[in-house]
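J.: Listed below are the residues making up each chain.
2 protein chains.
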Amino acid sequence: MSAFFRTSRLVRPATLSARAHATQHIRRTLATAAEKPFFSDEPEGPTVSTAIPGPEGKKAIAQLDKVFDTRSLNLLARYPDSVGNYIRDPDGNTFLDVYAQIASIPVGYNNPALAEAARSPEMVTALINRPALGNFPSDDWASILETGILTVAPKGLNQVFTAMAGSDANETAYKAAFMWKRRQERGGPDVDFTNEETTSVMNNQSPGAPQLSILSFKKAFHGRLFGSLSTTRSKPIHKLDIPAFNWPQASFPALKYPLEEHAEENAKEEARCLEETERLIKEWPQPPAAVVVEPIQSEGGDNHASPAFFRGLRELTKKHNILFIVDEVQTGVGATGKFWAHEHWDLPSPPDMVTFSKKAQTAGYYYGNPELRPNKPYRQFNTWMGDPARAILFRAIIKEIERLDLVNHTAQVGDYLYAGLERLAGQYPDQIQNLRGKGQGTFIAFDSPQRDAFLKNAKSYGVNIGGSGETAVRLRPMLIFQQHHADILLDVVEKLIKS
Amino acid sequence: MSAFFRTSRLVRPATLSARAHATQHIRRTLATAAEKPFFSDEPEGPTVSTAIPGPEGKKAIAQLDKVFDTRSLNLLARYPDSVGNYIRDPDGNTFLDVYAQIASIPVGYNNPALAEAARSPEMVTALINRPALGNFPSDDWASILETGILTVAPKGLNQVFTAMAGSDANETAYKAAFMWKRRQERGGPDVDFTNEETTSVMNNQSPGAPQLSILSFKKAFHGRLFGSLSTTRSKPIHKLDIPAFNWPQASFPALKYPLEEHAEENAKEEARCLEETERLIKEWPQPPAAVVVEPIQSEGGDNHASPAFFRGLRELTKKHNILFIVDEVQTGVGATGKFWAHEHWDLPSPPDMVTFSKKAQTAGYYYGNPELRPNKPYRQFNTWMGDPARAILFRAIIKEIERLDLVNHTAQVGDYLYAGLERLAGQYPDQIQNLRGKGQGTFIAFDSPQRDAFLKNAKSYGVNIGGSGETAVRLRPMLIFQQHHADILLDVVEKLIKS
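Residue numbers (this note's numbering), protein chains in the order written: chain A, 749 to 1247; chain B, 749 to 1247.
Bear in mind the hints are in silico, worked out from the structure with no lab data behind them. Please note that the accuracy of each hint is not assured.
Heads up, the list lumps identical chains together, so a pair's fine if it works in one copy or across two of them.
As the list claims (entries may be wrong) - Simulated pairs of lysine-lysine, DSS-like, Cα-Cα distance not exceeding 27 Å: (1) 1086 x 1186; (2) 1124 x 1204; (3) 966 x 1030; (4) 1186 x 966; (5) 983 x 1207.
The model shown is predicted, which means the values in this text are computed figures rather than measured ones.
Next up, chain A with everything else stripped away, as it sits in the complex (with noise of 0.2 Å):
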């Protein structure tokens, strides 16, 4: 296996029949034995040829800076050529990708299911005839719903508002947040706005823009956007010289890892952790009208707490009338090894909403109290509320999720990896230390102590991973990273630590 990977890096550009040839040979060694691989036409491995990026792609990426920022630039993608766990770039190499796109490719580049859903006649009405959703929903767009994003609505939440990417997902969860409170507040939904609320609005002032607030958590991440953004806390660059709310935020949970072997500390830090979320929502001068919080902070680095945490958030916003919104727009779709990661906690009641994005590929809030419909029409509005195009894709997504049981695959070969970089964590306890994510599929991270180097030597070995926080390596495969791939990875992550 060493072989093979010093090999291919010193491999010059060649034909791609010569590399197939020098791969198949390690294969044999490679895989895991009974393991059929979902993608027959994958790679047998990653090869890397040319500097990072070669001269295609340098080219490539001063013509794109030309009219395009691209100082956060990763690497330069050639999407055609790719295929299932691997993305090539225009030198021709290949890297085994678990990074997956910031964690938003579900089932594989160039998927022939997905190809075929994009190439359907539904999928072309979709895109040419673009719907105002609100106003003028097509014909099926219930039955879109219905065989696609509803099928995998969390337990107990059976409607949804569709939107665009994360950041809106969030701010109209948080928009119907608001509006449920000062429902509330106001003594139902047939009590009628007041004149001074109706005029103050339209100064931006309260009582009809009311001071009220989102709570959410020390290192949290939500969207950039200006609501959504005042719920982010993930770093200064993400949010300096933005105007933000003076909303609340707890101390989210620092646990200790291994968490078997810290239980006790722990679960006093959580507590502590609870008792302050506690005191905020009583004492905020903007009181909170909902507690937002990701199943396990991702952007924030890979921070993750406990289902008992997670149940006393819940019983905390039912005990001061406010709403539980759990964001699984990185943890949703399979890759904890539950379809949505909140799943893992047993809850004695499902959140109020649930927002999703990315490995959707579309994006929204679910949520099942119809007091969450808004009082009134054209409260819970905008143009497009969506794109049924992507909602299409959804549905052929959650068909291959189901046709290859993808989230007990992940599950399972997250078990794999997981016990793999245990056993090296035991070996490097230096290099990979508080591993993270055991039983949460491939949900999985660790912190590396040159972690920027880590992620950009993981490059040259033909490995795409991304990182989180400050010093947490973040792997986000695929739902169709399976046992082989994870084989490569541990490989490669032993090959960076020892060099």
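On the provided structure of chain A, position chain B as indicated by the hints.
T.: For chain B alone, coordinates are given in the frame of chain A:
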């Protein structure tokens, strides 16, 4: 013509061929002599043969309402049966559509050129391999931009930040403005953030989250997320119960129509509004980083101002070293008889940013000044940053606009339509008030004393029209709207007035 409409409204659900026969006869008297239709398969005219919604529509709406709020529903549509300027419903009714999905359908339902783009391999790969554009753009992203979005960039602006819809296009433009302003205040791109900034911003406090603002105008509409909604001042129902920033609003000129008859009064009104704007720029406690304005206030009631007013805004923003953002979400892409409405103004220097969405079927903001790229990566960023699939579609739209010379066409047909409405306004001055949009393509509106009834009844005559503000009938035909469609529309308007 009257016979046609009266007959068709009385027709029981009938075979399409019978209806086609009936309309064929009328058509000869209807069509403007030598005008060749853009869509050869468009129906000859509208036909309405059931109540609206009809039995099929009612069933489908009830089904949809179980899972999706339908209280803003205007018309449930059957898109595969719709063509060109005509939208059909599940009961077989056919409407001339001069609302066009809230002004967002550019070149007709089921446009063959768009269908071809939608079926292209490039589209399929864009749909199923959706990139995180800031991190992993495709190697053809530069080309998609350069052969599409950027070919129609407003003069002086050669770069783009892509987004999902009008709201986030505006909000990302606001963010760029805030970052630019703080960079000026800080003393340039190389002056680093202070500790106080990086600390305070994590608490949503200044100086990191600065006390700056965006100045907008009374009756403006810029979107409904938290930042954009803070600049939206259209109606209370759009804003109630949602927390807002304490940002300033200036009066937008309340002009008298026809403009040429009230030149002096209108000039005074505009001078007053400019003075108020300057006072707010100088005195508002959270100083504006930018002024944002629509070329024609759309949701707010189709309110116009003169080129001189907008030149005045450009001057004021230069004078006070703040940015000038033109929101062309509704006015852009040809409807005013120029590709961008601000081309009507003869500005001494281009706007700093121009936002777009709707007819572009994608969204974003154009800019030219390289200082509007933030000084570090990851400051203006999100996972998807737009959608290449929709950018490919916009390119096909642009090509179709060029092939058919639709901007000039719209200028001409707009003049024709305006002249027809002017005649009717002369005959029925109480029913068509404040006709406006002369020389602005088909971007035409008038006030109606019973506006809501007017819009509702228009449907039973087979025309789908929208409103804006409290009393305006807002015409937003597609760019393929022709004289023979204008004749049908004018006929229906007259019938509605008489009825």
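J.: Look at each hint and say if it fits the structure.
T.: Hints versus structure:
With identical chains, the CA atoms of residue 1086 and residue 1186 are at most 27 Å apart within one copy only, with a shortest distance of 13 Å there and 59 Å across copies. Taking identical chains as interchangeable, the C-alpha atoms of residue 1124 and residue 1204 lie at most 27 Å apart only when they sit on different chains, with a minimum of 19 Å there against 52 Å within one chain. In the homo-oligomer, the alpha carbons of residue 966 and residue 1030 lie at most 27 Å apart inside one protomer (18 Å), although the nearest pairing across protomers, at 36 Å, exceeds that limit. Only within a single protomer do residue 1186 and residue 966 lie at most 27 Å apart by alpha-carbon distance; the minimum there is 23 Å, versus 54 Å between protomers.
For the homomeric pair residue 983 and residue 1207, the shortest alpha-carbon distance inside one copy (25 Å) is at most 27 Å, but the shortest distance between copies (52 Å) is not.
No hint from the list above goes unmet by this structure.
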